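Undergrad: Sequence:
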Amino acid sequence: MSFSKRLLFGNLPQDDPIREAIARSSQAASAAFTVRSHRRPRKPQRDLAGSPRDAVWEGALPEAIRELGVAYTNPNGVPHFKTAEDRDRVHELAVEKWKTRWDELERKPYRRIPTKQDSAITSTRTKPRSSVPFILSAIPPDPALTDDQLKPYLTSSSGVPELDRFNAERKWRDALTARDENAFLVPFVNWIRPAINYLAYLKTPLWEDIKEKVLTRAGGKCACCRQRATEVHHRDYRPRVLAGEDLSPLVPVCRSCHDLIEEERDKSWQRGEARLADLVNSENQRLAGTGRQS
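Per the numbering used here, the sequence shown starts with residue 1, numbered consecutively.
Hints listed in this document are in silico derivations from the structure and should not be mistaken for laboratory results.
In this text, all values refer to a predicted model and were calculated from it rather than measured experimentally.
In this text, a Cβ means the ideal position worked out from N, Cα and C, and glycines have one as well.
Misleading hints may appear alongside valid ones.
Label pairs and their calculated CB-CB ranges [to be verified]:
#1 SER158 <-> ASN182: 27 to 35 Å
#2 THR216 <-> SER256: 16 to 24 Å
#3 ARG240 <-> GLY159: 39 to 47 Å
#4 ARG170 <-> SER268: 18 to 26 Å
#5 GLU273 <-> LYS213: 20 to 28 Å
#6 GLU181 <-> VAL78: 43 to 51 Å
#7 ARG240 <-> GLU273: 16 to 24 Å
#8 THR216 <-> THR146: 39 to 47 Å
#9 SER156 <-> GLU208: 42 to 50 Å
#10 ARG165 <-> ASP278: 32 to 40 Å
#11 ASP259 <-> ALA175: 32 to 40 Å
#12 ASP259 <-> SER156: 43 to 51 Å
Whenever a hint applies, use it, and build me the whole structure from the sequences.
TA: Below you can see the structure in the form of structure tokens.
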């Protein structure tokens, strides 16, 4: 026991009322902070590279607490407040700061990633090189199914023609996939073999490496606007694309453009592709105009 502790407690009996009063006061102080803070906000579009941490939120929350002057305690790194009202006030302000800082971060103009060729350019150059237009690759269509191709797979009857055709189409698809795993654009729909966990795939080192290659190859620029690319849009999910053997269907995008594309693709695949093409064409026209002016 340290000297200061001996001085305070050393000569007191175990049931001393002073010690008991101090203990009760300490417990009461902790018990006053019983309202746990809200969880950090989440958006599926936010690209945190699979990390559970969000540095922007971790900075916004304590700043909101300090700005409001709210009393709190911080056991195990999780803020606790006296009342739900205090918690909600802090959370509301922190979310505003979080959104503002994320938007500021993602609105920053991209900085082209230097290449070896850039280092060889002499210092006499005065104008920056204009960005190269992004060209969307052609996506091979899925095999077309005819009635003649389907007949060999209509081997059983359930009494429901629609169900019989569905089962036959699945068998036909399985047979084609067995011969060529890259036959279909999306080979892993949950009722079609082989199925994979796409969200788990996005957290793998393989995908991180593929994503880095795509962003680096684009110079860190969004294909759809002048902003910095932070994400990669999948147009094709064939195994050769998921394995990184074919990068042409992968498009570097900023989060805002990715949201616009995904919003349309949720309605239909064709609408998502059309929206992507419109955005890319508009940006390429802007780049062409910039090149003529320079």
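Undergrad: Would you mind marking each hint as holding or not holding in the structure?
TA: Results of checking the hints against the structure:
1. SER158 <-> ASN182: 27 to 35 Å: Since SER158 and ASN182 have Cβ atoms about 32 Å apart, the given range 27 to 35 Å holds.
2. THR216 <-> SER256: 16 to 24 Å: At 21 Å between Cβs, range holds.
3. ARG240 <-> GLY159: 39 to 47 Å: holds (41 Å)
4. ARG170 <-> SER268: 18 to 26 Å: holds (22 Å)
5. GLU273 <-> LYS213: 20 to 28 Å: Because 23 Å falls inside the window, the suggested range holds.
6. GLU181 <-> VAL78: 43 to 51 Å: holds (46 Å)
7. ARG240 <-> GLU273: 16 to 24 Å: holds (19 Å)
8. THR216 <-> THR146: 39 to 47 Å: holds (44 Å)
9. SER156 <-> GLU208: 42 to 50 Å: This hint holds: roughly 45 Å between Cβ atoms.
10. ARG165 <-> ASP278: 32 to 40 Å: Because 36 Å falls inside the window, the suggested range holds.
11. ASP259 <-> ALA175: 32 to 40 Å: holds (38 Å)
12. ASP259 <-> SER156: 43 to 51 Å: holds (45 Å)
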